[in-house]
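Asker: With chain A's structure known, arrange chain B on it following the hints.
Top to bottom, those sequences are chains A and B. 1 is the number of the first residue of the first sequence in this note's numbering; add one for each residue after it. 1 is the number of the first residue of the second sequence in this note's numbering; add one for each residue after it.
Some hints could be false.
Unchecked claim - Example chain A residues on the side facing chain B (calculated, C-beta under 10 Å, incomplete):
1. Asp85
2. Ile109
3. Gly218
4. Ala313
5. Asp358
6. Lys361
These are calculated hints, taken from the structure and not from any lab test. Positions of the beta carbon are idealized from the N, C-alpha and C atoms, including for glycine.
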Amino acid sequence: MKPPKAGLFWGWLFVLWPLLVGSAEPTLRATGDLGVIVERGAGRVVIVNTSSNSVVQRVEGLGDLSHASVVFSRDQRYAYVFGRDGGLSKIDLLRGVLDKRIVQGGNSIGGAISQNGKLVAVANYEPGGLKVFSADTLELVADIPATYGDGKLSKVVGIADLPGDRFIYSLFDADQIWVADVRDPKAPKVEKFSNIGKSPYDGLVTPSGRYYLAGLFGEDGIALLDTWQPQQGVQRILANYGQGEEKLPVYKMPHLRGWAVAGGKVYLPAIGRHEVLVADTLGWKETGRIAVRGQPVFVVARPDGRQVWVNFAFPDNGFVQVIDTLTGQIVQTLEPGKAVLHLEFTPRGEAVWISARDDNKVVVYDTASFAKLAELSVESPSGIFFTARAHRIGF
Amino acid sequence: MGFPDKQRGRRSIFFGKAVGLGSAALILGGVNGGPLALAEDAASLAPERARELVRMVRQDCGSCHGLTLRGGLGPALLPENLSARPLPALKYTILFGRPGTAMPPWQPFMTEAEAEWIVVQLLRGFPEESQ
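With the rest of the complex left out, here is chain A:
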């Protein structure tokens, strides 16, 4: 008699326990201070909290994340992860689970979310083009192959959102910039700009969404489109910044996304040179260049614009340098760890998170004192993305 009764008691307690304890005071959490870090090799992302500098949860099963990037839904609940293998994963940050996942292409480089938050666009290398999905269901709503010449497909790079539910991007193999208006996804309107310069490798839009800049790999200079006055066509700025000198071999393509627009100036990585280029955002003339430790990969402004942080390509990828935008001088050189791949500021910039891939860690620094605030153990970390991106044009 006794054992079965005891079993019953424990059985019921087991069943009721969550109700007795859990439901009385459900733990609420918000997502405004969360973010995700990509664990590059493991096909996993880590959800982190930037108020407590801690790991919240890990979400697995995301495929090849070697060049993964992330955008957020406008309610900051969902993270869309664009994987190298063409995977598009939607992660629920509130519940800490993978909500949906599709493999939409063979090989992709990144994506963007529309102004109204309803559409997610993926830029594909293979097959070259843009695919647009419902942000809600991840159903395909538009497919825009990057066709050029006699029917070839170009790799698509440097995608960003523009006001008016448009996406702007560059065609690496075709030397073009396209603007796709997908307000009516069944009949997307595409405006094309050709001969913009040789081999655009990435792009950014300025914080207002007005200017699009595409960095050129095949020649010196940056292609600039004023999207308020597209009829003026694409201009070349910072032409001949290499002054005809042979550039150094480039071991990693620089990234432009991640605004480096601060105090009326734009800070850009010089390709194949140990320099950050500075131009004013009114006349787009070069106003200076800053010698740095190696070839810049990310050149990112702290949200208030007072500092610009720079990381570097192999073999200088153990360093991070900080430029004071008032003086144009380097004020700090840090060595966060081996193979620094990315950095991301907290929403108002009091701290910065830096991933050191080969040390399997993410280091958090105070941006005023440069003191180390925390170190998180993360396996081969690459990109770091905080939900504050949800409300910024171009992210």
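Answerer: Below, chain B without anything else, positioned relative to chain A:
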């Protein structure tokens, strides 16, 4: 700048392109049969260095060719993509890069034997990183 052996490297690549198909069978046969020279090179590589090279290929080459080497900005480097290319052309591509493309020269960071070791591993199916 420029490396002393650049010209030789380039010529090999063009030579390779011209006779690519013809020599494919030879090279393949060579790799599968495991010619002595290659086997020795691979064997003489210290395990520590081999691990470093595997990591370098997966991570640093991977930033253009993909972590799984299925391609990205650079083409896929899987056996089926490379088997038709002559081994020396691949080796010199790695050492000296391909001028006019995004493929950079890796000669400052590895020896010729190490580049050859990488090519052999690529042709066999590149090893995973051991964490």
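Asker: Could you run down the list of hints and mark each one as holding or not?
Answerer: Taking the hints in turn, this is what the structure says about them:
| no. | hint | verdict |
| --- | --- | --- |
| 1 | Asp85 | holds, 7 Å |
| 2 | Ile109 | holds, 7 Å |
| 3 | Gly218 | holds, 8 Å |
| 4 | Ala313 | holds, 9 Å |
| 5 | Asp358 | holds, 8 Å |
| 6 | Lys361 | violated, 14 Å |
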